[in-house]
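Undergrad: Listed below, chain by chain, are the residues.
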Amino acid sequence: MTPDFLDFLPMGAFIIDRDYTVRKWNRVIEEWSRVPRGEIEGKPLGEKFKRFDEPRYRHAIENCLDNNTAPVLFSPALHKDLLPTFKPDGSKRIQVISISPIARLTGSVQGFVTIQDITDLTQANKKIREAQIKIEREIEQRIAAEKMLSDSKKQEALSKLASGFAHVVNNKLQAISSAAEIAAAKLNFPEKVQNQIERILAISKKTGELSNLLWEFAQENSESSERIPIFNCIAKIAEEFEASNRIGVFLETASPEKTSALHVTFSQKALFLIFKEVLSNAFEAFAGTASPMIRIVIHEAAHSEGSQNGDGEFAVVSVHDNGEGMSEETVAHAFDPFFTQRENRNGIGLTIAREKALQFGGDLILQSIEGQGTEVRILLPVNRNGPSPPELSVSNVAIQKPARRHVLEGFVSSLPGEPTLDGR
Amino acid sequence: MGAGRAAASLEALTGEYFTMLVPEVSIYSAEEFEENSVYGQDNRSIMLHVGGDLNGFTSMVFSIESAKRLLSNVLDEEPEEEDLDLLVESALMELGNVVVGAIVGVFANALELNLEFSTPTLLEGSIGDLVSSGAIGKNPQIIVAKIKFIDSVGTTKGYFVTVFDLASMGVVIPSLDTFLKKQGLI
Chain P
371 MTPDFLDFLP MGAFIIDRDY TVRKWNRVIE EWSRVPRGEI EGKPLGEKFK
421 RFDEPRYRHA IENCLDNNTA PVLFSPALHK DLLPTFKPDG SKRIQVISIS
471 PIARLTGSVQ GFVTIQDITD LTQANKKIRE AQIKIEREIE QRIAAEKMLS
521 DSKKQEALSK LASGFAHVVN NKLQAISSAA EIAAAKLNFP EKVQNQIERI
571 LAISKKTGEL SNLLWEFAQE NSESSERIPI FNCIAKIAEE FEASNRIGVF
621 LETASPEKTS ALHVTFSQKA LFLIFKEVLS NAFEAFAGTA SPMIRIVIHE
671 AAHSEGSQNG DGEFAVVSVH DNGEGMSEET VAHAFDPFFT QRENRNGIGL
721 TIAREKALQF GGDLILQSIE GQGTEVRILL PVNRNGPSPP ELSVSNVAIQ
771 KPARRHVLEG FVSSLPGEPT LDGR
Chain D
11 MGAGRAAASL EALTGEYFTM LVPEVSIYSA EEFEENSVYG QDNRSIMLHV
61 GGDLNGFTSM VFSIESAKRL LSNVLDEEPE EEDLDLLVES ALMELGNVVV
111 GAIVGVFANA LELNLEFSTP TLLEGSIGDL VSSGAIGKNP QIIVAKIKFI
161 DSVGTTKGYF VTVFDLASMG VVIPSLDTFL KKQGLI
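From first to last, the protein sequence lines stand for chains P and D. Our numbering applies: residue 371 is where the first sequence begins, and numbers increase by one. Our numbering applies: residue 11 is where the second sequence begins, and numbers increase by one.
Just so you know, the hints here were simulated from the structure itself, not pulled from any lab data. Where hints are given, some of them may not hold.
Subject to a maximum C-alpha distance of 25 Å in a straight line, what follows is the list of computed DMTMM-like cross-link-like pairs (lysine to aspartate or glutamate) [claimed, not checked]:
| id | chain 1 | residue 1 | chain 2 | residue 2 |
| --- | --- | --- | --- | --- |
| 1 | P | Lys497 | D | Glu75 |
| 2 | P | Lys497 | D | Asp95 |
| 3 | P | Lys504 | D | Asp52 |
| 4 | P | Lys504 | D | Glu75 |
| 5 | P | Lys394 | D | Glu126 |
| 6 | P | Lys496 | D | Glu75 |
| 7 | P | Lys496 | D | Glu134 |
| 8 | P | Lys450 | D | Glu26 |
| 9 | P | Lys450 | D | Asp95 |
| 10 | P | Lys504 | D | Asp187 |
| 11 | P | Lys420 | D | Glu21 |
| 12 | D | Lys167 | D | Glu21 |
| 13 | P | Lys497 | D | Asp52 |
| 14 | P | Lys496 | D | Asp95 |
On the chain D side, residues computed to face chain P include the following (Cβ under 7 Å) [said to hold, decoys possible]:
| id | residue |
| --- | --- |
| 15 | Ala22 |
| 16 | Leu58 |
| 17 | Ala101 |
| 18 | Asn107 |
| 19 | Gly115 |
Computed footprint of chain D on chain P, listed as stretches where at least three residues anywhere in the stretch have a Cβ under 8 Å from a Cβ of chain D [said to hold, decoys possible]:
| id | stretch |
| --- | --- |
| 20 | 441-447 |
| 21 | 463-474 |
| 22 | 723-733 |
Here the structure is a predicted model, which means the values were calculated and not measured. Glycine included, every Cβ here is placed at the ideal spot set by N, Cα and C.
With these hints in hand, go ahead and build the complete structure from the sequences.
TA: The structure is reproduced here in structure tokens:
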């Protein structure tokens with residue numbers, strides 16, 4: 371290759387002698403570096419580009435030229451501004467510089483220097499990578515969305531199945547119960563047979579309750595959340611439960627002003643379902659308890675305390691009973707479906723209650739001491755977005771600690787369209 | 011052979027202290043090389059074509075993880091992306107070129123071979139594909155040297171892979187004999 375050919379190369383190129391004297395400065399490097407060939411040819415490279423005189427560059431280049439070794443390479447990441455060149459808009463080019471020994475071609479110790487511009491390639495590479503990352507994220511999001519849709523469809527299908535199943539089972543149970551009742555009333559069976567018929571009626575009743583629960587659970591999957599004043603709602607629930615079960619339900623709060631202003635984002639139906647199950651569970655724990663008592667304590671807003679639903683702000687409602695309590699093993703399985711230690715429970719109420727709580731962003735946490743009682747903490751996501759409630763004076767609310775629920779009657783307001791504990 | 015020169019060159023380039031160890035060198039036929047673990051790996055190879063007395067190519071092969079680790083010391087930060095971007099790749103090419111150039115330079119001087127080198131290129135993917143492509147003749151001979159780079163942070167592993175055609179081995183072996191006799195080793 372004769373030096374004149376360098377002007378036809380589509381990259382910066384020049385030749386240097388062993389002593390760094392520039393011998394040919396091609397047109398491209400002339401344009402890129404803005405150093406005319408007249409100013410540099412015949413002169414040491416270090417005059418215009420001082421960094422080439424640094425020992426580490428001299429050592430590498432001289433070793434390459436003297437020993438006719440493999441080319442030396444200077445990458446843009448490690449050697450900025452070694453030989454700066456510019457684009458027409460004044461921005462610096464990103465470039466790779468290589469120096470190859472060409473003594474075999476020219477007969478003297480010389481180096482052939484090329485400057486490869488990789489600016490566009492680097493920027494295109496960066497854009498491709500950014501696009502790749504964006505596409506990967508979009509794919510991840512799409513997969514997640516498809517999974518959610520698939521889960522939602524499965525849930526919908528299961529709900530329909532459960533609903534249909536519950537409907538059919540209820541019809542059959544009603545038929546069984548009616549037949550048994552008629553038989554017991556009209557026919558004079560011996561006592562043993564009468565007892566068996568009563569058993570049939572009792573089992574039909576329990577199975578019917580289970581079926582109703584399943585139906586309720588299936589029905590409410592599409593239910594949406596709303597802003598609920600938690601104190602009013604709990605007071606209403608406590609009142610109904612106390613009336614229908616003839617048991618003292620105490621409602622407590624440490625800070626009536628704050629608690630009365632507390633709202634949660636939840637489904638009202640789901641809330642009633644949860645409390646119905648938690649209170650029933652408490653009520654049925656009183657076998658042999660001398661002075662059965664249920665306390666509901668409404669706490670101020672707190673953080674998750676181990677909730678599966680993250681570290682958000684929750685209203686915490688604790689339901690305490692002084693019943694028989696649970697063993698550690700029972701506590702560990704309390705939310706497992708069909709797990710129960712009591713003959714009169716179906717083992718699915720607390721499971722559904724917790725699923726409901728999780729579904730609407732809350733949670734249920736259960737603690738118990740065998741022989742002393744149980745506490746179920748119901749976590750409900752706080753809603754602070756709505757309008758402020760009217761001011762309530764403490765004397766007006768008349769809450770004391772502890773206070774019986776019926777003291778609150780003046781305060782309890784009815785909720786529009788609210789469900790009742792018996793599902794009406 | 012050449013590991014000391016390569017380490018010194020890396021040190022001069024980066025200002026980092028390097029030691030290089032070559033614990034194992036093996037020669038393979040193309041068929042035997044297919045059994046080698048480096049054959050089909052997704053690697054980054056810095057490759058120089060070699061002409062003159064020999065015909066083939068010589069390369070420094072790194073796994074992406076090894077490349078990142080080696081560069082993290084030189085660039086003062088570990089490349090964040092899962093893959094290597096173009097700037098990081100060009101730095102890897104420079105480091106690989108220093109190592110390959112130093113080793114082959116010492117090798118050529120010791121065996122008194124006249125060699126010519128292309129500018130380095132970076133190969134993405136499996137070096138086995140290149141060997142089996144037939145670019146280096148039908149019966150290439152492959153020399154694989156395991157290399158350990160030890161710097162202030164730890165150890166990085168790589169492979170120095172040289173592929174020559176059969177005729178080149180006819181040049182290397184007599185030259186090697188001459189060298190060993192001169193050294194009084196045989």
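Undergrad: It remains to establish, for every hint, whether it holds in the given structure.
TA: Verification of the hints:
Between the alpha carbons of lysine 497 of chain P and glutamate 75 of chain D the distance comes to roughly 23 Å, so the proposed pair stays at or under 25 Å and holds. About 11 Å separates the Cα atoms of lysine 497 of chain P and aspartate 95 of chain D, which keeps this hinted pair within 25 Å; it holds. Proximity of lysine 504 of chain P to aspartate 52 of chain D is assessed by CA-CA distance (about 24 Å); at most 25 Å being required, the pair is judged to hold. The suggested pairing of lysine 504 of chain P with glutamate 75 of chain D holds, with an alpha-carbon distance near 23 Å, which does not exceed 25 Å.
Pair hint lysine 394 of chain P plus glutamate 126 of chain D holds up; C-alpha atoms about 22 Å apart against a cutoff of 25 Å. With a C-alpha separation of about 20 Å, the suggested pairing of lysine 496 of chain P with glutamate 75 of chain D holds against the 25 Å cut-off. Our distance criterion of 25 Å between C-alpha atoms is met by lysine 496 of chain P and glutamate 134 of chain D, whose separation comes to about 17 Å. This hinted pair checks out: lysine 450 of chain P and glutamate 26 of chain D have alpha carbons roughly 18 Å apart, not beyond 25 Å.
The suggested pairing of lysine 450 of chain P with aspartate 95 of chain D holds, with an alpha-carbon distance near 17 Å, which does not exceed 25 Å. Distance check on the hinted pair: lysine 504 of chain P and aspartate 187 of chain D sit about 58 Å apart at the alpha-carbon level, beyond 25 Å; violated. A distance of roughly 22 Å separates the Cα atoms of lysine 420 of chain P and glutamate 21 of chain D; the hinted pair therefore holds under the 25 Å criterion. The hinted pair formed by lysine 167 of chain D and glutamate 21 of chain D meets the criterion: a straight-line CA distance of about 17 Å does not exceed 25 Å.
Taken as a hint, the lysine 497 of chain P and aspartate 52 of chain D pair is honoured in the structure, with Cα atoms around 23 Å apart against an allowance of 25 Å. Of the pairs offered as hints, the one joining lysine 496 of chain P and aspartate 95 of chain D holds, with about 7 Å between alpha carbons and a cut-off of 25 Å not exceeded. Interface restraint check for alanine 22 of chain D: the shortest CB-CB distance to chain P comes to about 5 Å, inside 7 Å, so the restraint holds. At its closest, the beta carbon of leucine 58 of chain D sits 6 Å from a beta carbon of chain P; the interface hint therefore holds under the 7 Å criterion.
The closest approach between the C-beta of alanine 101 of chain D and any C-beta of chain P is roughly 4 Å, which is under the 7 Å cut-off, so the hint is satisfied. A distance limit of 7 Å between C-beta atoms decides the matter here; for asparagine 107 of chain D the minimum to chain P is near 5 Å, and the interface restraint holds. With its C-beta approaching chain P no nearer than about 4 Å, glycine 115 of chain D sits inside the 7 Å limit, and its interface hint holds. A count of 7 residues in the stretch 441-447 of chain P with a Cβ less than 8 Å from any Cβ of chain D is obtained; the coverage claim is therefore met, three being the minimum.
Coverage of a stretch by a chain is defined here by at least three residues with a beta carbon nearer than 8 Å to that chain's beta carbons; for the stretch 463-474 of chain P and chain D the count is 5, and the condition holds. By the rule of at least three residues with a Cβ nearer than 8 Å to a Cβ of chain D, the coverage given for the stretch 723-733 of chain P is violated, with 0 such residues.
The structure fails hints 10 and 22 (numbered hints given earlier, in ascending order).
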